[in-house]
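Asks: Note that the protein sequences, when read in sequence, are chains A and B. Per our numbering: the first sequence = residues 1 to 238. Per our numbering: the second sequence = residues 1 to 433.
One thing to keep in mind: the hints can contain errors.
[To be verified] DEER-style ranges, computed between Cβ atoms:
#1 A421(B) <-> R75(A): 43 to 51 angstroms
#2 T98(B) <-> E225(A): 48 to 56 angstroms
#3 L217(A) <-> D407(B): 20 to 28 angstroms
#4 Y321(B) <-> H143(A): 45 to 53 angstroms
#5 G110(A) <-> F245(B): 44 to 52 angstroms
#6 P141(A) <-> D283(B): 48 to 56 angstroms
#7 D283(B) <-> R3(A): 31 to 39 angstroms
#8 P5(A) <-> L66(B): 52 to 60 angstroms
#9 Q112(B) <-> P141(A): 44 to 52 angstroms
Keep in mind that the hints were calculated from the coordinates and are not lab data. For each residue, glycine too, the CB sits at the ideal point set by N, CA and C.
Residue strings, one per chain:
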Amino acid sequence: MARIPAQAIALLALGSGGLVATIFLGITWAPDVNPSQWRAPAAYRIIFLHVPFAWTSFLAFSMLFWGSLTWYLRRTERSWRLIQSGSDLGLLFGIGVITSGPIWGMAEWGVPWDWADLRLNTFALLTALALFIVMARRSQPDHDSTRDTIAAVGLFGFILVPITALATTLYQKRHPGVVIIESEESGLDPAIRTVMLIGFLSMTLLFIGFAIISDKLYSSEAEIELNLKTLDEVKGGE
Amino acid sequence: MLCLTGPNGSGKSTILETFAGLHAPRSGEVVVPLPGHESIPIRDSKGRRTPVPGLSIALQTDGACLDETVMERLKTASRVAGEPLADETIHAAMEEWTLSHRSEDRLAVLSQGLRKRVSILAAILPAIRSNEPRIILLDEPSEGLDSASRKLLHESIHSLREKGHSIVVATHDESIIEISDRTVEISASMISVSGTNHAIDDPPFTDTPPVTGAISALGSWILALEMRNPVDTVQRIVPAILALFLLRSIGLDAISDGALSSLAFYILAPSLIAILIRPALIDRLKERRSGDWWRAHLGRSIRPFSSIIGSPWVLPIPLTYLSFMLLSTGSSDIHPSAHAWLWLPALSMLDIGAAATAIHMLVSGFERSTAVAASLMMAVLIWPFLLLVDATTEILYEGMYFDIGFDTPLGLIICSSLIAASVWGAAVIIPDE
């Protein structure tokens, strides 16, 4: 019987604990930002979740795209599992980004969504793409031709990811810049930066834990399917 | 002549269709061997795909949209085969197959037996009139035919063999099996071959397939069907007009936040609605496997070409001007020459339309296409649309100017078209099977 790997459970426990600490420190320890520069100086705290969500969804989308690419090159079960896990996790963490973002946007900008913001929209599109892949995977017969199409849709996201990264600096309108990288220049409070880093680390641990479990789950599923097919043949031959 | 036989479900039709490149083999490849020449690879397990040169196919189901007339079907088949025939020649063939009295009738009103006759005649007609040897694939050709038509079918097969054409038939019909040179019997556990290996004296074809003629035939086919039954136009225009009237009734003041871009957004919105609708072409290509018939002749080219030809070419410009007329009344800030240049962003909407059609076609290629949501992929088209909104805003309030930059009308329209073209490219490159 397949078991959830112990290291994955440890990572999930550490990540969850870190996330709770991030929320606690973010609310109690991190100072308010300058009210003259921000419309909602207290609401900014949601970035302690929002930005790590964005980081881990990038990791998930990269996993999806790497799986898609290697599926085309090698067509291995491992590549397909990367697509499966990458799309599931991309959807999970992507939803984190596009739900936490509008909450902050509503407080800070007065509107939940800014159609002119390229990065915001790119994340929404990447999440929509992940949802499309998850739905297609679950609804379609598992043939190589279906996998080909899904992998190609995953590759399509390759166009979106660099645009998202570039959008941070090139076509930025309302959306804030890259907070961690620019913190030295922007004079970000060290407490804010520390909480942010704890958030990053915790979310990354959660991501790795989920990725290990997901990989285990899908490899077990593939094994079961193989056994069922063998059983079909045996039963068919009776 | 080769016959594929075997019980139901043994895979006769699948093998026949694999010969036509419609399915990818799990292993091995389909090639057309040319004595003294390099073989032409048709389809392999790695996804390579080439249309079979000199091929005609009659699928078990009609392989035609039922809105086509008998005459159109035969004309299209001859054009796709690169052997365009005069109307008189087609009429003579119809006379022989007792179809001439139905020449202008739509396939929808014909009986199953008559449609079968049309399907077979469409497959063999280019070969009957061709001096070059061709390959004809017939899937259960005698199924549903009366005795007179079966006799005619036998005579035609004899005549085609005499002329040196290659014929592959998937059938249960003993009378056809009897006249074949070789028989391949397929069962669940084995494949047995009997008969003599008939050597090919002449290369059956040396030229590349006449894809240009087939593409032009596809264009005419799409246009003729839409002219006869404008489902596509109607199902696109109705929601667009409803949205427009709704915007007009509510009043822009009630829905606008006062931003200059709002008017441009609402002017372009009906066109966006129209171009995002699932094209009727997809249903036409699904009907009676007519899309598979086209794929057998066009190979992978079908998605790029049909996504362009099947786009809503006519709608964006008139819809944009109609929206402008209805929604811009009372706005005093609009530049006097704005109306003269609104066609430019409206024209660029066609790029988004082609990308949307390509995405719909990609999704329709899934085995269970109704179980996936095309709209999730369609969301990417909001970008080029928003760039067009920015361009239209500039045109509305500053007038048209021709500077190139990221915030000039021309620059924004070019960016929009490039993004739409990238999406279209990604959607048509993705393999269909």
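Asks: Next step is simple, just say for each hint if it's right about the structure.
Replies: We went through each hint and held it up to the structure:
1. A421(B) <-> R75(A): 43 to 51 angstroms: violated (29 angstroms)
2. T98(B) <-> E225(A): 48 to 56 angstroms: Roughly 53 angstroms apart at Cβ, these two residues keep to the hinted range, so it holds.
3. L217(A) <-> D407(B): 20 to 28 angstroms: violated (48 angstroms)
4. Y321(B) <-> H143(A): 45 to 53 angstroms: holds (47 angstroms)
5. G110(A) <-> F245(B): 44 to 52 angstroms: Given range 44 to 52 angstroms: violated, Cβ gap about 30 angstroms.
6. P141(A) <-> D283(B): 48 to 56 angstroms: With Cβ atoms ~22 angstroms apart, the hint is violated.
7. D283(B) <-> R3(A): 31 to 39 angstroms: violated (49 angstroms)
8. P5(A) <-> L66(B): 52 to 60 angstroms: Given a distance of about 57 angstroms, which is inside 52 to 60 angstroms, the answer is holds.
9. Q112(B) <-> P141(A): 44 to 52 angstroms: violated (29 angstroms)
When held up to the earlier numbered hints, the structure conflicts with 1, 3, 5, 6, 7 and 9 and fits the remainder.
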